[in-house]
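A.B. asks: Build out the structure end to end from the sequences listed, making use of the hints.
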Amino acid sequence: MTGDWLDIGWVDEIPVRGTRTVQVAGGDDIAVFRTAEGKVFALLDRCPHKHGRLSQGIVHGGAVACPLHNWRISLSTGEALGDDKGCTPTVPVKIDAGRVLICRASTLKAAA
Amino acid sequence: MEYRPLKPETDTRAHLVVIGNGMAGCRAVEELLARDADRYRVTIFGAEPRVNYNRIMLSPVLAGEKSFDDIVINDADWYAANGIALVAGDPVAAIDRAAKTVTTRSGTTKTYDRLLIATGSDPFIIPVPGKDLPGVIAFRDMDDVDTMLAAADAGGDAVVIGGGLLGLEAAHGLSLRGMKVTVIHLMPTLMERQLDEAAGWLLKQALEARGQTILTGADTAEIVGNGKVEGVKLKDGTLIPASLVVMAVGIRPSVALARDAGLAVGRGIQVDDHMVTSDPHVLAVGECVEHDGQVYGLVAPLWDMCRSLADGLVETPTGYRGSVTSTKLKVSGIDVFSAGDFSGGDGCEDIVLRDASRGVYKRVIVKDDRIVGAVLYGDTADGGWYFDLLKKQEDVSDLRDLLIFGQAFASGGGAADPKAAVAALSDDAEICGCNGVTKGQVVSCIAKGAHSLDAVRGTCKASASCGSCTGLVENLLALTLGDEVQAGPKTMCKCTSFGHDDVRREIVAQDMKSIPEVMQKLHWTTPDGCSSCRPALNYYLLCALPGDYVDDQQSRFVNERLHANIQKDGTYSVVPRMWGGLTNPTELRAIADVVEKYDAPMVKVTGGQRLDIFGIKKEDLPAVWADLNAAGMVSGHAYGKALRTVKTCVGSEWCRFGTQDSTGLGVKIERMSWGSWMPHKFKIAVSGCPRNCAEATIKDFGIVCVDSGYELHVGGNGGIHVRVTDLLCKVATEQEAMDYCAAFIQLYREEARYLERTAPWIERVGVEQIKARIVDDAAGREALRARFLYAQSFSQDDPWAQRAEGAEREHHAPMARFTPQEEMA
Numbered sequence: 001m002t003g004d005w006l007d008i009g010w011v012d013e014i015p016v017r018g019t020r021t022v023q024v025a026g027g028d029d030i031a032v033f034r035t036a037e038g039k040v041f042a043l044l045d046r047c048p049h050k051h052g053r054l055s056q057g058i059v060h061g062g063a064v065a066c067p068l069h070n071w072r073i074s075l076s077t078g079e080a081l082g083d084d085k086g087c088t089p090t091v092p093v094k095i096d097a098g099r100v101l102i103c104r105a106s107t108l109k110a111a112a
Numbered sequence: 001m002e003y004r005p006l007k008p009e010t011d012t013r014a015h016l017v018v019i020g021n022g023m024a025g026c027r028a029v030e031e032l033l034a035r036d037a038d039r040y041r042v043t044i045f046g047a048e049p050r051v052n053y054n055r056i057m058l059s060p061v062l063a064g065e066k067s068f069d070d071i072v073i074n075d076a077d078w079y080a081a082n083g084i085a086l087v088a089g090d091p092v093a094a095i096d097r098a099a100k101t102v103t104t105r106s107g108t109t110k111t112y113d114r115l116l117i118a119t120g121s122d123p124f125i126i127p128v129p130g131k132d133l134p135g136v137i138a139f140r141d142m143d144d145v146d147t148m149l150a151a152a153d154a155g156g157d158a159v160v161i162g163g164g165l166l167g168l169e170a171a172h173g174l175s176l177r178g179m180k181v182t183v184i185h186l187m188p189t190l191m192e193r194q195l196d197e198a199a200g201w202l203l204k205q206a207l208e209a210r211g212q213t214i215l216t217g218a219d220t221a222e223i224v225g226n227g228k229v230e231g232v233k234l235k236d237g238t239l240i241p242a243s244l245v246v247m248a249v250g251i252r253p254s255v256a257l258a259r260d261a262g263l264a265v266g267r268g269i270q271v272d273d274h275m276v277t278s279d280p281h282v283l284a285v286g287e288c289v290e291h292d293g294q295v296y297g298l299v300a301p302l303w304d305m306c307r308s309l310a311d312g313l314v315e316t317p318t319g320y321r322g323s324v325t326s327t328k329l330k331v332s333g334i335d336v337f338s339a340g341d342f343s344g345g346d347g348c349e350d351i352v353l354r355d356a357s358r359g360v361y362k363r364v365i366v367k368d369d370r371i372v373g374a375v376l377y378g379d380t381a382d383g384g385w386y387f388d389l390l391k392k393q394e395d396v397s398d399l400r401d402l403l404i405f406g407q408a409f410a411s412g413g414g415a416a417d418p419k420a421a422v423a424a425l426s427d428d429a430e431i432c433g434c435n436g437v438t439k440g441q442v443v444s445c446i447a448k449g450a451h452s453l454d455a456v457r458g459t460c461k462a463s464a465s466c467g468s469c470t471g472l473v474e475n476l477l478a479l480t481l482g483d484e485v486q487a488g489p490k491t492m493c494k495c496t497s498f499g500h501d502d503v504r505r506e507i508v509a510q511d512m513k514s515i516p517e518v519m520q521k522l523h524w525t526t527p528d529g530c531s532s533c534r535p536a537l538n539y540y541l542l543c544a545l546p547g548d549y550v551d552d553q554q555s556r557f558v559n560e561r562l563h564a565n566i567q568k569d570g571t572y573s574v575v576p577r578m579w580g581g582l583t584n585p586t587e588l589r590a591i592a593d594v595v596e597k598y599d600a601p602m603v604k605v606t607g608g609q610r611l612d613i614f615g616i617k618k619e620d621l622p623a624v625w626a627d628l629n630a631a632g633m634v635s636g637h638a639y640g641k642a643l644r645t646v647k648t649c650v651g652s653e654w655c656r657f658g659t660q661d662s663t664g665l666g667v668k669i670e671r672m673s674w675g676s677w678m679p680h681k682f683k684i685a686v687s688g689c690p691r692n693c694a695e696a697t698i699k700d701f702g703i704v705c706v707d708s709g710y711e712l713h714v715g716g717n718g719g720i721h722v723r724v725t726d727l728l729c730k731v732a733t734e735q736e737a738m739d740y741c742a743a744f745i746q747l748y749r750e751e752a753r754y755l756e757r758t759a760p761w762i763e764r765v766g767v768e769q770i771k772a773r774i775v776d777d778a779a780g781r782e783a784l785r786a787r788f789l790y791a792q793s794f795s796q797d798d799p800w801a802q803r804a805e806g807a808e809r810e811h812h813a814p815m816a817r818f819t820p821q822e823e824m825a
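Keeping their order, the protein sequence lines are chains A and B. Numbers 1 to 112, taken from full-length UniProt numbering, label the letters of the first sequence in order. Numbers 1 to 825, taken from full-length UniProt numbering, label the letters of the second sequence in order.
Because the hints were derived from the structure by calculation, they are not lab data. Just so you know, even glycine gets a beta-carbon here, dropped at the ideal spot from N, CA and C. There could be a bad hint or two in this list.
What follows is a set of in silico ranges between Cβ atoms, one per label pair, in the way DEER data are often shown [said to hold, decoys possible]:
#1 B/Ala-154 to A/Val-11: 30 to 40 angstroms
#2 B/Leu-755 to A/Asp-83: 14 to 24 angstroms
#3 A/His-69 to B/Gln-796: 31 to 41 angstroms
#4 B/Asn-226 to A/Gly-38: 31 to 41 angstroms
C.D. replies: Here you go:
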């Protein structure tokens, strides 16, 4: 893999309203989400609250509910929604001919 | 076929060669001619042996509404009149950029000064076995339509693969032509790129009502046939007979020529704002290009591109800036519209209007006081207005409250305050269409003491059915009572104005079958619910439709999706079932082996007499389950809103005080009730004597054996609020104890609210009510028991075994792995 983007697989490998992960050696996983409308987002797989795995939460609208304490995290900004305060780092994503590409620099940062 | 201009070879003007005689290529030439008819000598090469026609209108031709002549854009006279040479039916096979020539398949070579590539798209053919069989076609050109018409004349079954716009149009046409049509769509909802889930679901309902069979979430495994197509086989083994298979799964920019010629190609042929490729002498336009990272498959951007291209060709460049697209179409007579970005997300607000009785769904997405997207179904009259507001990025804050009602209402000078609008209504204006309740009736009912939404629903029935007039009734309450309005019962969540009991009642009364259907019929205010309502709806449907309802995994909490308990470090704990708390050397050995093999840091005996293996990694779960399955153990459901454990004491077989075989009864009850989904977790215990060593009186259902039979206790809880059970009754035989247990579980499953344990449920409805249903009403009890056993016939399928065999593997394996060190090496 070279370039600024990492090809992680087909969009169709992520269930609609579901999540897959990318394992990053030596760092946090990256959670890759697909919404009901087919948009794909990626966040560090770590809730800002108690570090729950966001990849295991329920995806609804443009947010995911953390499985540990039901914080709602925006998929596009990583910010906690509602009254909760906190932010999870986002990883830029683009789709190219059905392939999901995630930003290499942000992924490296996750591994650091 | 070739149309020659009058004096081609003596013409000294610059030669513009166009590859592609479709909508983009000809439109570009038209735009050029309109600006400067004399500047270029034009030659157009087309792959099809036809003049330029409107590809979008192939659907009406298929449907029999139009003929080919009706959809011709430019006939032979146009080419002649404008001195354009058309080479149709002999496609360009190669471009030589150094020599500035193109060569056709038959070997004709032409030189160019400027070359325009407008090759459009190729249909994407999914690479399954049998894709090349005769009778398998795409839906792209007139030849495909001719093939379909011939097949329709012979009658029979057709399968359309792909539930997007093109596929549905093909299906509609074939259906009108008398074929029995099945649409196979990989995604869960139709047209997911243009429509959100709710609108896609409505479309599916409507098409099914028109006689088409729509299979969503269906993955094609192969196309079968001997010498010609005979059917389509899905990955789940279903075989659908077909004499015609239309593949309409998508299109890909047709870039092969450009790529072979060494032009810069990404997803499409890369062009700048003037549609110039990486070679300044070569331009490209239409579906084959990639502009600013975007490729387009709709017609509107193509017009924009052709204008910019022509401006550039006559040296008055304007520059193409990309297009915002909208889709407005009629599928099988149903109007749908979408525009912009309807994926929601941060700072986006959804304004949703659902009118179930008219089959209308409207959703406008607003961000920073501007419309960013819209999805309309059933009533698209305001599509153009929303699209206009979207493109102009107009501030809609003043229209916000009335926006969803459409242009006529929002900008027609009507009262901007919805409360004032309601106040202005006459007394005989109808508020609730479902129940025919007027404003006067609602106000008089409020005046007579109905001071809450629920009270109004309970008395005059306004807003008690579909709920779409809830806002009006709330406004009337506020107008009539001011601050004295009483808050109603808690709604299920902020997505709906209905409480749990109302939703459940309506699911059964209206025979609803899916989550999107519930959301549509009950006017959900969010497009796909939230993490509170989705799991609840999933449970209610599962309970109402045993064996019929397809569980929605994405509406399950993680533990129920992964069939293990998530721990705070992201690992899982695994509890195999030990019937009645009994185990044996084989099971213990298997558990010990799992602990060692998968490096589990802790094993603990639980309060429910099971062994809990901690620290299992998500990706190891299927292998762990396979190992436990091999020793005969199944899921213990320690993670679910489900039957957890049946705890027992040793009973009369060993204990000097034991009065009955409590262990044996516990095992039988666990065998009967395991695997059942419930509103919340459910624990059972059987104690062999009143000393009650199994702590049966703090369980959801507890049995205390006595000399003369079995005492049945219900509604206990050992949690934060300890609650001792209520005595339900005493029965004489083991069989009766089991029958009452089954009936009680089913009553709880059918009538408690999601996430309500038996203790608060019984406190809410009263134990007398439970006794009346289970003890006094023998027929009712038997019916409950029968319904429970029927539901159980579908649920006692070990989820671990299914997943150990590979089901839902994607839940466990990462999509990709990334090692920075390797990367850098």
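A.B. asks: Take the hints in turn and mark each one as holding or not.
C.D. replies: Hints, verified against the model:
1. Between B/Ala-154 and A/Val-11 the beta carbon distance is about 38 angstroms. The supplied range of 30 to 40 angstroms therefore holds.
2. A beta carbon spacing of about 21 angstroms between B/Leu-755 and A/Asp-83 agrees with the range 14 to 24 angstroms that was offered as a hint.
3. For A/His-69 paired with B/Gln-796, a C-beta distance near 33 angstroms keeps the hint of 31 to 41 angstroms intact.
4. For B/Asn-226 paired with A/Gly-38, a C-beta distance near 38 angstroms keeps the hint of 31 to 41 angstroms intact.
Checked against the numbered hints listed earlier, the structure breaks none of them; every hint is satisfied.
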